[in-house]
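Order-wise, the sequence lines are chains A and B.
Start counting the first sequence at 373; every next residue gets the next number (my numbering).
Start counting the second sequence at 6; every next residue gets the next number (my numbering).
Since the hints were derived computationally from the structure, they do not count as laboratory data.
For each residue, glycine too, the CB sits at the ideal point set by N, CA and C.
Don't take every hint at face value.
[To be verified] Taking lysine to aspartate or glutamate and the DMTMM-like style, the derived pairs with C-alpha atoms no more than 20 Å apart in a straight line are: (1) LYS422(A) <-> GLU382(B); (2) LYS17(B) <-> ASP389(A); (3) LYS422(A) <-> GLU153(B).
[Said to hold, decoys possible] Okay, the calculated beta carbon distance ranges per label pair: (4) HIS126(B) <-> HIS396(A): 29 to 37 Å; (5) SER496(A) <-> ILE116(B): 54 to 62 Å; (6) VAL384(A) <-> MET281(B): 16 to 24 Å; (7) ILE13(B) <-> GLU503(A): 21 to 29 Å; (8) ASP244(B) <-> SER455(A): 50 to 58 Å; (9) THR258(B) <-> GLU483(A): 40 to 48 Å; (10) HIS396(A) <-> ARG266(B): 46 to 54 Å; (11) PRO113(B) <-> LEU435(A): 55 to 63 Å; (12) VAL384(A) <-> MET119(B): 55 to 63 Å; (13) ASP244(B) <-> THR460(A): 21 to 29 Å.
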Amino acid sequence: MVALFVILFVAVLLGIDLFIQARHRKYPIMAAAADAAPAAGLRETVRIPKSVFFHPGHTWARLQDGDHLEVGIDDFVQKALGSIDGVTVPAVGEFVRQGDPVITLRHDNKELHLVAPASGQVQSINTDALENPQLLRENPYREGWLMMIKPSELASNLGMLHVAESAVNWIKEEISRFREFLNASVAQPAIVGESMLDGGTPVSGALEHLDGEHLQNFEEQFLR
Amino acid sequence: MKLAIPRITFWKAVAGIFLLGGLVAAVVRFGWGLGVATNLSDVTPWGLWIGFDIVVGVGLAAGGFTLAGIVHIFNIKRFKPIVRPAILTAFLGYSLVIVGLLFDLGRPWFIWHMLIYQNPHSVLFEVGMCVMIYTTVLALEFAPVVLERFRLQKALKVMKAITIPLIILGILLSMLHQSSLGSLYLIVPQKMHPYWYSPMLPVFFFISAIAVGLGMTIVESYLSARAFQKTLETHLLRDLARIMFGVLLVYFTMRFIDLLRRDALHYLVDGSFETMMLYLEFGLMLVIPLLLFNIRGFGQSRAGLFFTAFSVVLGFMTNRLNVTLTSLESYYREMFGTSYFPSIGELAVTISIVTAGFVLFGLAVKYLPIFPHHEEETVIDVNEAPERAAAPKIDGDPAAQLRRH
C-alpha cells in the first residue's frame, strides 16, 4: 500500500506540473515556438547563434575543426514552415556549390528547396536528423545539422554570409519582410487562414497555410 | 538600497511548505523520539525512511558512477557534457541518504561506532562503509566544479590528476553497495513475497540501479533545461535512453527467468494486491517507457525522452518499495495481524528530503558550472522586429510586388 501511495503521490505532482505547463502554453502557436527555443520562454522567437554564418537563403554553416563546415537550415525557416515531414540532402561525396538548391524540406505534399551556404564536397550527413526531422525543430543549429562539407572556396564563400550582429540585423529585416509578405497574402484570406486575423504577427507555421504558388513565391523571395 | 524579492512561483511555495513540514517533523522526531514521530514498531522496524530515503535514494543516485564509468573508463567522451549533473545528483543523493539514515537511527549520534566497533560479517556494515566512503569520493569528484568556480587553479590541477583513480574507486564502491542493498533482504526469505525474494536480489539491485541512474540523468537534464532555460543535449540523452533500454531488457529477462526458475509465475493470475503491484512495476519500468520511446515523432523529442525516463524512475521506485515494503505486507498481516503505513511525520521528513534535493540541485546549477558552456546566441522576439512601411495595396499577384531588390 505504501508503494502505491508513493507512486500516486508522485504522479499527482507530475499531473499538477503538466497542468501548470499547459496553462502557460495557452496559445499553441506560442507553445510550439517555446518548445523549440527553451531560452525564449513563451515568446515567439528566432534564435541566432553568434558563431554561425548565415546564407541569405536561410541556411547556415559553422566551421568545425578548422577545415569542415557543418550545414543546416536556420531557425526562421523551420519555424515558418511549422512542421517538417521529411528532409533530403545530397549524398556523401557529391559536390555542392554555394547558392545552388541542395536541401529539400517536405511538409504534406509541399516542398521547399534551400541553397548550399558554401561550396564543397559532402563528407557526411546527419542520418538522425533525416530520419527524425523533429530534431530540426528542437535545435536546428546543433542536433539538427544536415551535412558536413569540405569547403573548396571557404574565404570567398564566407564573405557572402551574415554573422554575429550582421546576422541579427539581417534576420530582423527578414522577419519584417516576411510579415509584409504574409500581410500581402492575407488580402486573400483563404490563403493564410485564421492565424492572420487575430491581429498578431505569427511566424510559426505560417507557411503551412500557403498554397503551392505562394510557397514558390516565398522560395524565390526568401530562399535564394 | 532596493532589495530584489524573488518571484514566488507555485512550486516555490509548495517547496517552502514541504520544507517547513519537514522541519516540524524533525523537531518532533529528535525531540520526542521515533515512537512518537513514526508508525515504526518492533514488528515493522524498517519503513518509509529505509524503503524510500535509502533504498530508492541510493539507486536514483547511481547515474554518477554509471556516467563517470562511461566517459572516463570506457572513454566515450561525447557523454562528457552530462557527467557533471550526474555526479551532482549522486553527491546530493548520497548526502540526503545519510540525512535520511540519521532520522531513522534510534541514536544517530552513535553512527561513528560503525567505524570502531566493526562487524565485518554484516551486510549493513558493508553498506554503511561503502556509502560513507563513496560520499567522500563523490565530494572529491565534484570538487573540481567548485574549484573551477573560484578559479583555484593549483588545487584543480591536483584534483584532475587523481580523477581516474577516484572514478575507479567510485565504481568499485558503487558495485559493492548497490548490490549489497539487495543482499540486506536475503536474510528474510520467509517474510518476503516470492515475487521479490530471490537469491539474485543483489544482481537485480545492481543492474536496475544502472538503468535508473541513466533515467534520472535524462529527467534531471530535462528539468534543468526547462528551469534554467538551457539547451538540452537531446542527442546525448537519446543515446542514454537507448543504453537504458538495453540494460532494462537484460534486467527484465533475468527477472523473468528468475520467476520461472523459482516457480513463482503461477501467482501472476491470483489477482492479489502483490500481483497488481508487480504489474505496475513492470508496466512503469519497461512496457510504458518502451511504448513512449517508440511513438513516432514523440518518443525521440525532449518531452518524449522525459516521460520515458520518468516512467522508468517511477517503475524503479515501485520495485524498491515493493521489495522493502509490499513484499512484507502479507507476512505482517498473517503473522501479527498488523500492517504498516507511514505517519504524517515520516511522510513529511521524506518529502522534505526530496524537496531539499531539488532545491540544492537548483542552487548548484544556478551558481556553479554544472552544465557545459553553450554557444552565445541572440534571441529575437518576432513581434519586436521593426515594422517597415505599410505594405502597398496589392492588385494582382501580391507577393510579386514584394520581390527582393
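We went through each hint and held it up to the structure:
At most 20 Å may separate the alpha-carbon atoms for a hinted pair to count; LYS422(A) and GLU382(B) meet this at roughly 5 Å. Pair hint LYS17(B) plus ASP389(A) holds up; C-alpha atoms about 12 Å apart against a cutoff of 20 Å. Taking the CA atoms of LYS422(A) and GLU153(B), the gap is about 25 Å. The hint is violated against a cut of 20 Å. For the pair HIS126(B) and HIS396(A), the beta carbons lie near 56 Å from each other, so the given range of 29 to 37 Å is not met.
The supplied range of 54 to 62 Å is met by SER496(A) and ILE116(B), whose beta-carbon atoms lie about 56 Å from each other. Hint check: VAL384(A) to MET281(B), Cβ distance near 19 Å, so the stated range 16 to 24 Å holds. The hint said 21 to 29 Å for the Cβ distance between ILE13(B) and GLU503(A), and at roughly 44 Å that hint is violated. A beta carbon spacing of about 24 Å between ASP244(B) and SER455(A) contradicts the range 50 to 58 Å that was offered as a hint.
Range check, THR258(B) to GLU483(A): Cβ separation about 45 Å, and the 40 to 48 Å hint holds. Checked against the hint of 46 to 54 Å, the C-beta distance between HIS396(A) and ARG266(B) comes to roughly 51 Å, which is consistent with it. A C-beta distance of roughly 58 Å is found between PRO113(B) and LEU435(A), which places it inside the suggested range of 55 to 63 Å. A beta carbon spacing of about 38 Å between VAL384(A) and MET119(B) contradicts the range 55 to 63 Å that was offered as a hint.
Between ASP244(B) and THR460(A) the beta carbons are some 25 Å apart, a value that agrees with the proposed interval 21 to 29 Å.
The structure fails to meet hints 3, 4, 7, 8 and 12 from the earlier list, while all remaining hints are met.
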